[in-house]
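K.L.:
Chain A is already provided as a structure; the job is to place chains B, C and D on it using the hints.
Chains as they are written, first to last, in full-length UniProt numbering: chain A, 1 to 306; chain B, 1 to 327; chain C, 1 to 377; chain D, 1 to 249.
Hints are computed from structural coordinates only; laboratory data are not their basis. From the three backbone atoms N, C-alpha and C, an ideal C-beta is built for every residue, glycine too. Errors might be hidden in some of the hints.
Stated by the list, open to error - Looking from chain D toward chain B, a few residues come up when the C-beta cut is under 8 Å (computed): (1) L72; (2) M93; (3) L102; (4) L103; (5) G104; (6) A108; (7) W113; (8) V161; (9) R168; (10) A212.
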Amino acid sequence: MSAILIAEQVLNGLQSGVMLFLMAAGLTLIFGVMGLINLAHGSLYMVGAFAAAAVAAATGSFLLALAAALAAAALAGAVVETVVIRRLYDKDHLDQVLATFALILIFSEGTRWIFGSFPLFLDIPPWLSGPVELPGGILYPAYRLALIGVGLAVALGLWLLISRTRLGVRIRAGENDREMIAALGVDISRLYTVVFALGAGLAGLAGALVGAIQSVQVGMGEPVLILAFVVIVIGGIGSIRGALVGALLVGLTDTLGGIFLPELFKLFTDPSSATTIGAALASMSIYVLMAAILVWKPTGLYGARA
Amino acid sequence: MSRERAFNLAALALLVAVPAWAQLTGETFTITLATRAVIFALAATGLNIALGLGGLVSLGHAVFFGIGGYAMGILAFHAQSYTPLTDWPVTIPGTKLMPVIWLVAILVSALAALLIGLLALRTTGVYFIMITLAFGQMFYYFAISWPAYGGEDGMAIYVRNGFPGLNTLIPIQFYGLCLAWLLVVLWFNARLARSRFGLALNAARQAPQRVETVGLDPVRLKLVALVISGAVTGLAGALFADLNRFVSPTMFSWQLSGEIMVFVIIGGVGRLFGPVAGACLFVALEHLLGGITAYWHVWLGVLLLFIVLFGRGGLVGIFAGRGAVHD
Amino acid sequence: MRFKAMALATVVAALAAPVQAEVKVGLITTLSGGGAGLGIDTRDGFMLAIEQAGRDDVEVIVEDDQQKPDVAVQIADKMIQSDKVDVLTGIVWSNLAMAVVPSAVGQGLFYLSTNAAPAQLAGPGCNPNYFSVSYQNDNLHEAAGAYATSAGYKTAFILAPNYPAGKDSLTGFKRFFEGDLAGEVYTQLGQTDYAAEIAQIRASGADTVFFFLPGGMGISFLKQYADSGLEIPVVGPAFSFDQGILQAIGAAALGVKNTSSWSKDIDTPANAAFVEAFSARYDRLPSIYAAQGYDTANLLLSAIDKADVNDDAAFGAALMEADFDSVRGKFSFAPNRHPIQDIYVREVVQEGDVFTNKIVGTAMTDRANEYVDQCKM
Amino acid sequence: MTDPVLSVEGLCKSFGALRATDGVTLDLRPGEIHAIIGPNGAGKSTLIQQICGGLSPDAGRIRFLGADVTALPVRARARMGLARTFQISSLAMEDTVLQNALLGALGAAGRPWGFLRPALRDAGPRTLAEQALERVGLGDVAAVRTAELSHGQRRQLEVAVALTLSPRAFVMDEPMAGLGSAGSQQLTALLAELKADAPVLLVEHDMDAVFALADRISVLVYGQVVMTGTVEEVRADPRVREAYLGDAP
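Extracted from the complex, chain A is given alone in its bound form (with noise of 0.2 Å):
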């Protein structure tokens, strides 16, 4: 196996980790200042790619699409906090996981019946589209080296805002005291559905740049939740930095396993079975990392609490 195609590898893992950050730091988020567990957070990276496809198809413009898609899935964020999710602060988890569960059901057969069940069409923009040749001879899709770029943006965005904005003082004493943003003014429910908005836009915002690589259809929300999950797990519920170091860690894993796994079990069997149970090991990989982790440190790399 070539240092290239290792490089290659390196770099996949490396997108596919900060897309899953961007849907991570707005669970996160969520968690850390509303308490709010969120499944209902997939769904919104559908509604993202779903605007980002229509608006793609009216008007040809992959950057007005991604507006789109930050603006539909902020905005259905809002709305959904609003009408639903504020209901649901003071419950417990559970009744959280079930109206957020139900809140899937809705989103999912909502997007079938207004969009039809056949996959839209969206398209990585013409500027973007090709190889590009990397120091070492390694020729690198542009539109995979711009997610890097627009993920590591962002997550250098977010720790901006939450470390210089007064947006982010509040989001910080939201984390650390309610009562306390409280008493200093702040409009706790116009705060938390910003918050909301926020962590709505950025999974919208996923979804569109994802999608335009893959496949856009009603049901593609939910693997990518399900990542996210182990993500915020892996790094510590609530923790921005954790959200960023266990989305790497994911994508390098899911990526590096999937590849390195069946080679080695060519070294102990025949090439068709390794490939066989290499695959069938790699697609487990993420949980044990999960796993291992939680032995070493029960609230994630980056948690406070539980």
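P.N.:
Same frame as chain A, but now just chains B, C and D:
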């Protein structure tokens, strides 16, 4: 609480009367539906032990359901193909006998619950929810990609397994078996809730600190609850596989975990007959709404939202009022 | 949901059918969830044929299996026990078929497959009451292997999801591919990102790439493959180039070769009439699932005209005659009740705004299947 | 002098830069009520947590009944007879008063692993629970749901649960908190009787109660014990007046 008792008796009467009526009028399919409802009720009753008594929000109970299903599938597969499970160190043949299958399903799912519990119970709250969900996915992907027992395709068992003295192929007789199991487990559950263990577990859910300061280990209590809970749900999985004469990895899917939880919540958490009411309502809705619109999940979602937001206590709560869970 | 073929019973039908028992057909297919597009096409193709026949002695009951095996089993139970259907049909997915078919034919019903045709049901598990009107699952993959050989490719990189149908597909390809393998990879079922596999393909030095990734997986793979800058030609079975999903792949699929037992440009009057009628009735182009549904309904109607559905032997024999005008042109049954037919090579082209397929050759002629000898009826 | 039941030597615990417990040494002797007082933030709760096993100290040792229990978990110390009551009532609110008391009795008996026999039919633990309830004056409300009890009654129930453990020492975290004057007088009387059962380590804000009950008092300020002495000594000590009563001239 007499109103809850009246509700329970009414539910019991329906569980007996509806299939009896269906048998008399030749509506065989209604019996099949009722069997499905009873099996789901059994699975949800299992979850209710962990959830209602122990406060363990497990979003991975399909693991046990699936393990129970595969216990049946694997044993029956070896029996119908006349191949042993293993030749070493001793030859273990497959079987088509329900009592043996049940025992294996119960033991294996209990063991899985023990292992999952040892890891997952290191955490609490929202971590626990997500970890159980992730374990579910792990089993799901394993079942799909492990080639020995059908992978994604699952396994068809051509003839339903047997029970001495009964013809399980006749729907009403199989229904009787499932109902008997449900009643046994409900009885056990009722006793459990009042037993020393039930008392301690209940306290461990409400005030874990307190349990510890009287010298008990809340984690160990919850672990035992999870094992019992997993065993019951595993038994339900074996029955479900026999109902369909088929097992597949969808029995491990996280949507199924969600649905099992939905049964408990629609019916009423911690209520003895909550899971029964919830499972029956779900199966009825699936049958009736599914016949009207292909988008019935939307309406199921809306109903679920209403119950969570406005109807604390589920169906049992609506009919019987709030009131003490234990009396 | 119930459709009753309305229109008048035609004089021809009345004359041709001495025994006029009403036939009840249960159509179980996927109408909700991610795979709904395939089931909807199956249903629409099937119902189009029933409507065109315009007979009132056939009642079709349609139910949604949600792509869940246990739901499919439950619906089958209902149709058998409660609706008392004579014939079942419509299942798209092999795993659902394996859950329903053995038990249904075991109870004496007829099952006509509009799509799924797993090896188990073609070999030792074959049954006189089970007919596959579509193909045997291996066929299109075998054709891809045969095509790759005839096109002169020496080394192939092959990939499929890690589940039984995926393994069957690679086995089918290898059965007719005479070159060497540059790589063989099983991906995760439902995988959406193929960057890692594409990197392996790039490093493998293969002449051609064969892939079997149905549904959304194929869309993702093709889009990412096109963007990777790789120029190695790709071939696959028709499932990833179906009318329903080609629009979602877009230009990324242009020029890709795929193997299919049907194409909308098969030049027969029956096919032209079908494509026109389907487009007019549903306002979209038919897919292979629609074509197979349509053929299945016509086969069923032809047999109803000849024999009583309650007489298993006679009805089975009537089906075996395959006395209907297939949209695929030549069509007959092998002894194990799977089709003997030509498998075509198609290329993805653009016609105006619409992406579709054009036949560019025939990969296999009069292909039956590998399991005929294993079937002992 | 007899050996102390419970002793703490050089206990330290820091949270980041904050030294919540800074070299605390004190002991609890048979038959006494030893009160710990100190201003808010003096580290009383942190100290109690370490004594009972909820927090592990950075340095120092805790001995109970002659054994080093520093590394033992909460439940092991509880089984040895270290009975704790909480500042904020920690009871199973949905359960009845009797069930709560019974929980303590089950814990004391060691084995909660009965799955079929109703817990209320276990004569031994039940008698123990009922006696404890009688003793704190809750015999009449045994069948009432705990959530329906008054604040003062919940305090009494906390004590009853502690009693079922056949304690060798009580550790009480502000039992008077939130009680009216009638309530505190009643509880004060109860605590005065308790020291006949086992010595009491009492953290309390209510000075009337402390001065009425305590045999010795330790004053905790900024994680350190400023002084330990009798009620009179503490009342008279200027350092205490300065540190604790603050504004005194």
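K.L.:
Each hint: holds or not?
P.N.:
For each hint, the structure was consulted:
At its closest, the beta carbon of D:L72 sits 11 Å from a beta carbon of chain B; the interface hint therefore is violated under the 8 Å criterion. Interface restraint check for D:M93: the shortest CB-CB distance to chain B comes to about 6 Å, inside 8 Å, so the restraint holds. With a cut of 8 Å, the hint placing D:L102 at the interface with chain B holds, because the nearest CB-to-CB distance is about 6 Å. With 8 Å as the threshold, the beta carbon of D:L103 comes within range of chain B, its nearest partner Cβ sitting at about 5 Å, so the hint holds.
Hint status for D:G104 relative to chain B: holds, with the closest Cβ pair at about 5 Å, below 8 Å. Hint on D:A108 holds. Least Cβ distance to chain B is approximately 7 Å, under the 8 Å limit. The beta carbon of D:W113 is positioned within 8 Å of a beta carbon in chain B (closest approach about 6 Å), and the interface hint is therefore held. Here the hint on D:V161 is kept, as its CB sits about 7 Å from the closest CB of chain B, short of 8 Å.
Among the interface hints, the one on D:R168 is violated; its C-beta lies about 13 Å from the nearest C-beta in chain B, farther than the 8 Å criterion. Because the smallest distance between the Cβ of D:A212 and any Cβ of chain B comes to about 26 Å, over 8 Å, the interface hint for this residue is violated.
In this structure, the hints that do not hold are numbers 1, 9 and 10, in rising order.
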